[in-house]
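**Student:** One letter stands for each residue in the lines below.
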Amino acid sequence: MNNLRVIFLVLLVAGLFAGVIASQAADSGVTPWPSTAEKIRKGEIDVGKEYGMAPDKRFHRIHADTVGLECSTCHADRIPASAQVFSVPPAVDISSASPGAVDRRVCQGCHIAGPAREIYGPRAP
Amino acid sequence: MPRHGMVIDLDRCVGCRACMEACKVENNSPQAIFWMYVFRFEEGEFPDTRISFMPRPCMHCDNAPCVKVCPTGARYKRDDGLVATNADTCIGCRYCAAVCPYGVNYFNWKEPKANYYLNWSAPENAKALAPVTGGAVPPYKNPDLDSKWGKEQRMIAGGGHRQGVIEKCTFCVQRVEKGLKPACVTACPLSALEFGDLDDPASAVSKRRRSDRAFRLREEFGTEPRVHYIGAARAGTGAREIERPRGASA
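These protein sequences, in sequence, are chains A and B. With this note's numbering as the guide, the letters of the first sequence map in order to residues 1 to 125. With this note's numbering as the guide, the letters of the second sequence map in order to residues 126 to 375.
The hints are simulated quantities; they were obtained by calculation from the structure and are not laboratory data. Given the structure is predicted, the values throughout are model-derived calculations rather than measurements. Just so you know, not all the hints are guaranteed correct.
[Unchecked claim] In silico lysine-lysine, DSSO-like type, Cα no more than 30 Å apart, as pairs:
| hint | chain 1 | residue 1 | chain 2 | residue 2 |
| --- | --- | --- | --- | --- |
| 1 | B | Lys202 | A | Lys57 |
| 2 | B | Lys266 | A | Lys49 |
| 3 | B | Lys273 | B | Lys252 |
| 4 | B | Lys252 | B | Lys332 |
| 5 | B | Lys193 | A | Lys42 |
[What the hints assert, rightly or not] To give an idea of the chain B side of the interface with chain A (calculated C-beta under 8 Å), a few residues:
| hint | residue |
| --- | --- |
| 6 | Glu168 |
| 7 | Phe178 |
| 8 | Asn188 |
| 9 | Lys193 |
| 10 | Gly198 |
| 11 | Tyr201 |
| 12 | Arg219 |
| 13 | Pro226 |
| 14 | Tyr227 |
| 15 | Gly228 |
| 16 | Val229 |
| 17 | Ser336 |
| 18 | Phe340 |
| 19 | Phe346 |
By construction, the Cβ of each residue, glycine as well, lies at the ideal position given by its N, Cα and C atoms.
The following block holds chain B by itself, in its conformation from the complex (with noise of 0.2 Å):
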């Protein structure tokens, strides 16, 4: 059984958000909901600054607390790693999300509308999209995402997409299943974000996170994060978070 694990090389991105698209894509989270999220910082004052960026999927820990707290048991830690929720048994609590240490959890205050996901298919849009794609119709939702995946066949690829349910990055783990990578890093054009089993030492997650510039998030919490970062272009003490949404700064 491989150990999925996720490496993302700070020096290389460029904070271009593709993963972030990406994610939304592949995985049709809806509005204001971002399984993997790009954090850009700056510092200092201009015209002397210096911008630095981060992404930020679910760390999927070793020892996650969120798997600890979670009273039904909807959130549990898969034999590959992946740290998942099943959406059919989640209660809404919101125990998960108060104690994660990276604020990865989303909970799901109103049932998305059905608008998150364009319809291609229906007429006004596909007459609106016809001149731009030459009539091609493009999925307009994955169909994976109402599956049931894992041994125990269980919903957690993302179709808990409903009103009252927490949710969070998967490692695209309908895509995990086929053999391939989560859609954040096949979209990085950077090779900033590497996916792979950290057991095999030969593996490239496994090579890169031996840099002698890892380092993972908030180790002090002893979560035991599968997200190494490696690079020097980690933002200072003096940085500052850009586009932080209103209400939530200090």
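For reference, chain A alone in the conformation it holds in the complex (with noise of 0.2 Å):
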């Protein structure tokens, strides 16, 4: 009797350890961002529920909190010219507290056939 909860320990604690292994392959293997995507679409994952670009809404929920990204990979500090001239619409005056500019080329690297949801589309031919 004692030899079969040996063996049924043995079993279960070999489960959870697999499981574990499994579940941190998922999540950090090469290409986790699918995975926190697909469950952000499916609401596994709580970003919340206001859409917004302050840092406690939805958006840097999701992009912040949840996939992880550093602020510096969004606001750089310089940006090339050519890139900057749209980041912001003309006449705006950020303010000093502004993060800074964003260069949309950023947001490609997941959202144009990426991980993420595509917004942007293949290069016209």
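Both chains come to you apart, so use the hints to assemble them.
**Tutor:** Have a look at this one:
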């Protein structure tokens, strides 16, 4: 009886260990973002229901909190002038508290046939 | 159904910004909001400098990212291709501004003040105006902007000049619905801007965009913009933008 208990416990621990390993592989494998994006789409990850660009709203909860992008990934101090022209609407005076302009090419990394929802299309032939 | 589009000839543009003025007058856009904006670039060092201009309205993209991300459907594409914003259903999340590669979306952080549109019929203004106009009283606000347009009858013509709502160029939908061209096109003294049906091979806009010098802005985003530029006056990589507001420069 004791042997059966030991065997059962060993199998249980082994099963749990395998589960943890599989979970880690899924979350930190080669392409972890598709699963994250999928979970967000399915509502399995709570990113809030308030759409907005403020840090506590959905946009930053997805990109900063859930996906884990560093602020500097998007808010670069210096971006090429060619990209900067359109990064901020003309005549909009950014306050000194602004984290900085965002080069939309950063978004393309995931949002053009990437792991996240496709927003941009392929370049026209 | 026509497929509206615009052609902007950079070789003809002299940067007079009449298009910007016409847009402001037609659409009564609030201060610091420019549905049409003419960028001015300079290259080189004095005295060997070169200036170039680039008018920039909304591109009314066929594959508009702003339409895809709008959570309420306030930003949508009409059958004639105009990308419109329903001011009544916009929640001001600014997702459209975040994804647009052209920076055409403006957010009303504050309620536009009444004096953004000078009330010419007010006694004090009429008195000041009379010597200039001989007593004529121009309209101070386009009444079309408070109307609903399109088969869906939505508030898309700029009536959304209100706090918490995003706004952008509409290609003057209120004029297009009447068979007119956008105000910027009409105002251009050099016919640098042309508007019409891109599907009509005989239209002026179609003929002009067939130029071998035609290009579209930031095609690498695959947005399929409906604004086509032609001309060799495109600013070079070393160009500096003139008049960039403080804080917006790198």
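**Student:** The hint names Gly198/B as touching chain A; please verify it with the least Cβ-Cβ distance against 8 Å.
**Tutor:** Since the shortest Cβ distance to chain A is 12 Å, the answer is violated.
**Student:** Next pair to validate is Lys252/B with Lys332/B; report whether the Cα-Cα distance is within 30 Å.
**Tutor:** violated, 49 Å
**Student:** Closer than 8 Å between Cβ atoms is the bar; does Tyr201/B clear it against chain A? Give me holds or violated.
**Tutor:** violated, 16 Å
**Student:** Less than 8 Å between beta-carbons is the criterion; does Phe178/B satisfy it with respect to chain A?
**Tutor:** With a closest approach of 13 Å, the Phe178/B hint is violated.
**Student:** For the pair supplied as a hint, Lys273/B and Lys252/B, confirm whether the alpha-carbon distance does not exceed 30 Å.
**Tutor:** Violated: Lys273/B and Lys252/B sit about 34 Å apart, past 30 Å.
**Student:** Taking the closest Cβ pair, is Phe340/B under 8 Å from chain A?
**Tutor:** The hint is violated - Phe340/B has no Cβ within 8 Å of chain A, the shortest such distance being about 11 Å.
**Student:** Less than 8 Å between beta-carbons is the criterion; does Glu168/B satisfy it with respect to chain A?
**Tutor:** At 11 Å from the nearest chain A Cβ, Glu168/B fails the 8 Å test, so the hint is violated.
**Student:** For the pair supplied as a hint, Lys202/B and Lys57/A, confirm whether the alpha-carbon distance does not exceed 30 Å.
**Tutor:** Holds - the C-alpha atoms of Lys57/A and Lys202/B are around 26 Å apart, at most 30 Å.
**Student:** Measuring from the C-beta of Pro226/B to each C-beta in chain A, is the shortest one below 8 Å?
**Tutor:** holds, 4 Å
**Student:** Val229/B was flagged as interface toward chain A. Is the shortest Cβ-Cβ separation under 8 Å?
**Tutor:** holds, 7 Å
**Student:** Using the nearest Cβ pair, does Gly228/B come within less than 8 Å of chain A?
**Tutor:** holds, 4 Å
**Student:** Let me know if the C-beta of Ser336/B comes in closer than 8 Å to any C-beta of chain A, holds or violated.
**Tutor:** violated, 17 Å
The structure is inconsistent with the numbered hints 2, 3, 4, 6, 7, 10, 11, 17 and 18, although it conforms to all the rest.
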